[in-house]
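*Asks:* Given the coordinates of chain A, work out where chain B should sit on it, guided by the hints.
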Amino acid sequence: MVSSNSYLVLSAAVFTIGAVGLMVRRNPLIMFMCVELMLNAVNLTFITFARGFDDISGQVAVLFVLVVAAAEVVVGLAIVVAIKRRWPLATADDLSELRG
Amino acid sequence: MEAAVFIVCAAIVLAGSLGVVLARNPVHAALSLVGTLFGMAVLFLNLEAHFLAAVQIIVYAGAIVVLFLFVIMLLGVDRLEDISVEPIFGQRVLAIFVGLVGFGLGATYIVVSVAEVQNTSAGVASAYLTRPLSNLHEIAEVLFFDYVYAFEATAVLLTISVVGAVVMTRRMARNQQPENQLTNQSSNTASED
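Chains as they are written, first to last, in my numbering: chain A, 1 to 100; chain B, 1 to 193.
If we strip away everything but chain A, and leave its shape as in the complex, we get (with noise of 0.2 Å):
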């Protein structure tokens, strides 16, 4: 049996990866998938400490984290694709405004 010590480095690994890169890339379209990678190293700890507490309530943690990524990416993919259609070329650093 795999320790949870090996899930959990490897659970902040990706969460690290996921945050590096959303500090890093300018695309929205792929800091949205880092913003999904760091919810799903996330998933990754609740499951771990859910067989490790032996509590299947991490499982309904995921659950819910789960339905909170899918309501995020749609909210967060129609401002992209809002904004994309103003502004074609538009980066996120362009659009430090909230100007109309």
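If you're looking for bench data, these hints aren't it; they were derived computationally from the structure. Among the clues, some could well be false.
Going by beta-carbon spacing under 10 Å, a handful of chain B positions derived as facing chain A [said to hold, decoys possible]:
hint: 1; residue: Cys9
hint: 2; residue: Ala30
hint: 3; residue: Leu52
hint: 4; residue: Tyr60
hint: 5; residue: Ile64
hint: 6; residue: Ile96
hint: 7; residue: Val98
hint: 8; residue: Leu100
hint: 9; residue: Gly102
hint: 10; residue: Gly106
hint: 11; residue: Val111
hint: 12; residue: Asp146
hint: 13; residue: Leu157
hint: 14; residue: Ser161
hint: 15; residue: Val166
hint: 16; residue: Val167
Note that beta-carbon positions come from the ideal geometry of N, C-alpha and C, so glycine has one too.
*Replies:* Structure of chain B alone, referenced to chain A:
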């Protein structure tokens, strides 16, 4: 067996997540994301979360990544991005430094604190395997009794997000310029109105 599966899947997950960050083409990044999610799903199976492994593949790989690819193709942004230019001086070095510091702190905390978890779970680790109910039944019991209000709230959340997506992406009937003028605009924010 579990160790072998873990090693293979950890390699897939790490390679995929690096691919998401390093790929120049957004389509390649999305495909790397699929690889990462599949690896994660197998890890979930390893951790005996059978239902969530299925949901992970159906919802993430089946719906979310397809949505990403759909938007990439729809917007035509699948051109290569020049990532050799650093927009802000020192941004990458700082980001990697901050990431490594966070990883170091997190990993140290895990290694220090997880002994407690293993002590707590030493007696129950075998009971996990011999439950009378299946994984799906257990999740359903907790979800529909203990967390039923949160479950209803997610229904509201999904409805709100669908309405929000429709409102944001529809074309305004008024105060809207024709499409051919919009596509010619640069990314200059001052050019509107």
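*Asks:* Decide, hint by hint, whether the structure agrees.
*Replies:* For each hint, the structure was consulted:
no.	hint	verdict
1	Cys9	holds, 9 Å
2	Ala30	holds, 7 Å
3	Leu52	holds, 5 Å
4	Tyr60	holds, 7 Å
5	Ile64	holds, 5 Å
6	Ile96	holds, 6 Å
7	Val98	holds, 7 Å
8	Leu100	holds, 7 Å
9	Gly102	holds, 6 Å
10	Gly106	holds, 4 Å
11	Val111	holds, 6 Å
12	Asp146	holds, 7 Å
13	Leu157	holds, 5 Å
14	Ser161	holds, 4 Å
15	Val166	holds, 8 Å
16	Val167	holds, 8 Å
The earlier numbered hints are all upheld by this structure, with none contradicted.
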